[in-house]
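Now for the letters of each chain:
Protein chains: 2
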Amino acid sequence: MNALEKLFIRIVQRVNINLRELEFDAKPYVWDLIPKNQMTKFYAFYGISPDHPLNLQFKHSGLAGSYFLGQCRVSNSLLYKCDVRGDELKKKGDRFQFKNFNIPISKDEEIVIEDSAFVKTLIHNFSHDPETLEKFFIKDTISTHYANIHGSPSDGCFLGPFSTVDLTTMRDCIIGTFSYVQAGEISHLNIEPGTVWVRSPGAFNFLYRYPIEKLKDYIYFKAGIKPQGILMDFVENRKEDFQRVFDVVNIEPSFDVPATASLDRYAVVRPSTRIGENVLVSQRAYIENSYLGKGANAQENCYIINSRLAGNNVNAHGAKIIEADVGENVFVGFNSFLHGQPENRLSIGKESIIMPHTIIDIAEPLAIPAGHIVWGLVTNQDDLEAHSISIAELSKIKTRFTKGNMFFEGSGENFVSAFQDRIHHILEANGAYFNSHDNSGQGHAQKNQNMSFNTIQPYPRGEYEGLFPTIMIQP
Amino acid sequence: MNALEKLFIRIVQRVNINLRELEFDAKPYVWDLIPKNQMTKFYAFYGISPDHPLNLQFKHSGLAGSYFLGQCRVSNSLLYKCDVRGDELKKKGDRFQFKNFNIPISKDEEIVIEDSAFVKTLIHNFSHDPETLEKFFIKDTISTHYANIHGSPSDGCFLGPFSTVDLTTMRDCIIGTFSYVQAGEISHLNIEPGTVWVRSPGAFNFLYRYPIEKLKDYIYFKAGIKPQGILMDFVENRKEDFQRVFDVVNIEPSFDVPATASLDRYAVVRPSTRIGENVLVSQRAYIENSYLGKGANAQENCYIINSRLAGNNVNAHGAKIIEADVGENVFVGFNSFLHGQPENRLSIGKESIIMPHTIIDIAEPLAIPAGHIVWGLVTNQDDLEAHSISIAELSKIKTRFTKGNMFFEGSGENFVSAFQDRIHHILEANGAYFNSHDNSGQGHAQKNQNMSFNTIQPYPRGEYEGLFPTIMIQP
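The listed protein sequences derive, respectively, from chains R and F. Heads up, the first sequence is in this note's numbering, so the first residue is 238 and it goes up one at a time. Heads up, the second sequence is in this note's numbering, so the first residue is 238 and it goes up one at a time.
Incorrect hints may appear among the rest.
A pair counts as met if it fits within one copy or between any two copies, since identical chains are not told apart.
In silico DSBU-like cross-links for lysine-lysine, where the CA-CA straight-line distance does not exceed 30 Å [stated by the list, open to error]: (1) K243 to K344; (2) K264 to K327; (3) K243 to K329; (4) K633 to K336; (5) K476 to K459; (6) K264 to K329; (7) K278 to K476; (8) K296 to K243; (9) K273 to K243; (10) K273 to K451; (11) K278 to K463; (12) K336 to K459; (13) K243 to K451; (14) K372 to K327; (15) K372 to K329; (16) K633 to K587; (17) K273 to K296; (18) K344 to K264; (19) K328 to K372; (20) K344 to K372; (21) K463 to K296; (22) K296 to K344; (23) K243 to K336.
Bear in mind the hints are in silico, worked out from the structure with no lab data behind them.
The task is simple: from the sequences and hints, build the whole structure.
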């Protein structure tokens, strides 16, 4: 057994120890998911820009195909084709307001990944946990295909494929396949597959559960197999396009990118695509024959195909939009799968909110009216009515409200305004409101333009094959 | 405001953030407990021996009067007259058995104290948490007078005076005055003052609650005052004896210490005391006119006065024994206060177990029979009957059992054997079974003999008055 296998065994053991109360054994789920013989094949790469603090420390880890930006330490971990962002790190001297606490940031924040293994996971660093503002830690954690660890410190957890943990600190939890959790702080929970849970303690609680038999067509995962279903097939079918992007050193876009927009060098863009002012297309996004209006973004692992986005659209990590016409200010949440057809297009009216982990998969045309919230599984007009509510109506809810498999309690107004505030923040952070006249409102779309990319390689053979030497990269 | 005050404010804020769900404000409790103007007065000291790994790193911290041994990092913290032990650290290459997990230790364990403040707290490092075997962490935690953090990683907690957390990992918890918790893993709990709780999930649960009005005579603490009551008066009255021990550079015991025993240089020993073979007397223990038989120990903050201990006695951290005759193999738990009188002595039969945080305070002679377990508040024979059970009888309990304020459920046999195994381990670790013929069974009593002591000092004035410069001490 070489060092990489020993390391993997050790990580699995650590996760199992943390999850012992939930009687979970990660090994049969993940042993074949990180292709150990391929860990030598892919270089890792990192971005350098004047706007991001540079401090990378890698120790006894495999990093195949992973991308890093900003201040990050990785030790005793295996990362396989992950995106680790470091572009929203808090800085020494900043202050963070949390309710009535005004908290000074006492040193530059860093991302610290220890004793963990991830497959094709997105790690986004803007964590909101007031308990750990200087250290965004992920330890003793395993995460599988296309999961999002979004500003969520994690200790001793397992994340199923296409799951998302958003602004939630987790300890000793299992997050089921395709589940979305935004709950502040959770501990010792086993979240069933297909759960969509948004909670703000004392304010509101939104809970939806997918009909599990229907979800299985889209994504299914059990011990001993690879994740499978329509979602996996969809991304696997486009893998080769990404291979080309990684195989060449320099790449030029095939069309004009406005000076205020940015198109990542590791995105795939196919004809005939146009992007407007202030647009952000992140690494590992996939755009084909689409138009992205001013201030729209396509975040990591987004797919936008044969679609038209009117402008100021947030397409959160992993959102997929096919054959759709999307109005202004529409938000499409994490890992949503919005699948129209050439003859049966989907249209979404302006300012609507598509909840994270929504699946819309239609064989007839479907129009979502403006100003609506949509969740869950929608295949036709009847489903839409059972899985949506107008924002105006939801804002009136003061106690509780149920519809199908969805349960809501608390203040609808707070829920709506929390979402809207956040959408506004995301657009702002991404540079959607950038004004080139006075240079105000800079965000990722503008700052990411000055990026240079560098690559690092693992040991090519021997006991440490597939692991990287100890590497520290500082200014 | 100088750097030390700023640091203290920052620590208090961090604790409050962690405890926000429990709506706790630590500031009024602790602001006057660390005498900031005295932080410059006391040196800190550390022991060096061939048997303990040396790696001390102190950063932006005040350490007044604190003692360190072994591998330890302290940053952004205030320690006031604490004992931090590092003599049971796990070593790289060791293996740790936890139920069916056999876990390799992948690097030398270290004690890591961050963003915390402690007053006269004992930190003992043999932690049992299989999730964090290489790092015994204490962060965002405030602990007050004579608390014990005993092998218990802690994140975001507040410990009241004379409380003990034993082999328990805590997150965001308040441990009330004089409460004892041994519960494996706890989170977001507010433990009421005077709680004695011993739980092994799936095996047993022991719970006793002190009558709070009676406990107040012994120890009472609220915001804005110093801890007060008989226990505080007892230790304060003997403070000057310790002052002498710290004021001189070299000190020689006034009697013969057997070659197999150790008497710490920072213990107080008054006439006419005798100690037997294999005895361990730790720093900050106080022995007066007493006999400690072969293999007995007096751990940190123990007081043994006018008493006779037959041998192989464990007197856990903070135990106090006055005017008592204690049989062989008797265990006296943490912070217990066993107070006989010259004319009304207390006797404890062999192999009895005095539970942690037991108060026996008598005005008539009292004899505890051999082989009994005693808990709670005992002032006379009637109390004793209401607060004890024979070990034989307890071993027969299979479901549940209550007596007064004590509730037990689970297997009495498991409970008894867990205690007995642990007592055996403690005696072993302390060197009680050392055999000088074949040099087998070495423990702290033997290893601590080769210790040299060194002192370090804080900034004497200026902005950083009372804080120590950054110090790293390695071989």
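Checked hints:
In the homo-oligomer, the alpha carbons of K243 and K344 lie at most 30 Å apart only across protomers (15 Å), although the nearest pairing inside one protomer, at 34 Å, exceeds that limit. For the identical chains of this complex, K264 and K327 are inter-copy neighbours only, at 26 Å across copies versus 35 Å inside a copy, given an alpha-carbon limit of 30 Å. Taking the shortest Cα distances, K243 and K329 sit within 30 Å of each other only across copies (15 Å), while inside one copy they are farther apart (38 Å). Taking CA atoms no more than 30 Å apart as the test, K633 paired with K336 passes inside one copy only; the shortest distance there is 24 Å, against 53 Å between copies.
For the identical chains of this complex, K476 and K459 are intra-copy neighbours only, at 23 Å inside a copy versus 64 Å across copies, given an alpha-carbon limit of 30 Å. In the homo-oligomer, the alpha carbons of K264 and K329 lie at most 30 Å apart only across protomers (24 Å), although the nearest pairing inside one protomer, at 40 Å, exceeds that limit. For the identical chains of this complex, K278 and K476 are intra-copy neighbours only, at 16 Å inside a copy versus 67 Å across copies, given an alpha-carbon limit of 30 Å. For the homomeric pair K296 and K243, the shortest alpha-carbon distance inside one copy (15 Å) is at most 30 Å, but the shortest distance between copies (35 Å) is not.
Taking CA atoms no more than 30 Å apart as the test, K273 paired with K243 passes inside one copy only; the shortest distance there is 11 Å, against 49 Å between copies. In this assembly of identical chains, the alpha carbons of K273 and K451 never lie at most 30 Å apart, being 33 Å within a copy and 64 Å across copies at closest. When the C-alpha separation of K278 and K463 is checked against a cutoff of 30 Å, the pair qualifies only within one copy, where the shortest distance is 20 Å, while the shortest distance between copies is 64 Å. In this assembly of identical chains, K336 and K459 lie within 30 Å of each other by CA distance solely across copies; the values are 26 Å between and 41 Å within a copy.
In this assembly of identical chains, K243 and K451 lie within 30 Å of each other by CA distance neither inside one copy nor across copies; the values are 38 Å within and 57 Å between. In the homo-oligomer, the alpha carbons of K372 and K327 lie at most 30 Å apart both inside one protomer (9 Å) and across protomers (26 Å), since each shortest distance falls under that limit. For the homomeric pair K372 and K329, the shortest alpha-carbon distances inside one copy (12 Å) and between copies (26 Å) are both at most 30 Å. Taking the shortest Cα distances, K633 and K587 sit within 30 Å of each other inside one copy (20 Å), while across copies they are farther apart (71 Å).
Only within a single protomer do K273 and K296 lie at most 30 Å apart by alpha-carbon distance; the minimum there is 18 Å, versus 40 Å between protomers. When the C-alpha separation of K344 and K264 is checked against a cutoff of 30 Å, the pair qualifies only between copies, where the shortest distance is 23 Å, while the shortest distance within a copy is 37 Å. In this homomeric assembly, K328 and K372 come within 30 Å of each other (Cα to Cα) both inside a single copy, at 11 Å, and across copies, at 26 Å. Taking the shortest alpha-carbon separations for K344 and K372, both the intra-copy value of 9 Å and the inter-copy value of 22 Å come in at or below 30 Å.
Proximity of K463 and K296 under a CA criterion of 30 Å is satisfied intra-copy only: 28 Å inside one chain copy versus 47 Å between copies. Proximity of K296 and K344 under a CA criterion of 30 Å is satisfied in both settings, with 22 Å inside one chain copy and 13 Å between copies. For a Cα distance limit of 30 Å, the shortest separation of K243 from K336 across copies, 21 Å, qualifies, whereas the shortest one inside one copy, 45 Å, does not.
Checked against the numbered hints given earlier, the structure breaks hints 10 and 13 and satisfies all the rest.
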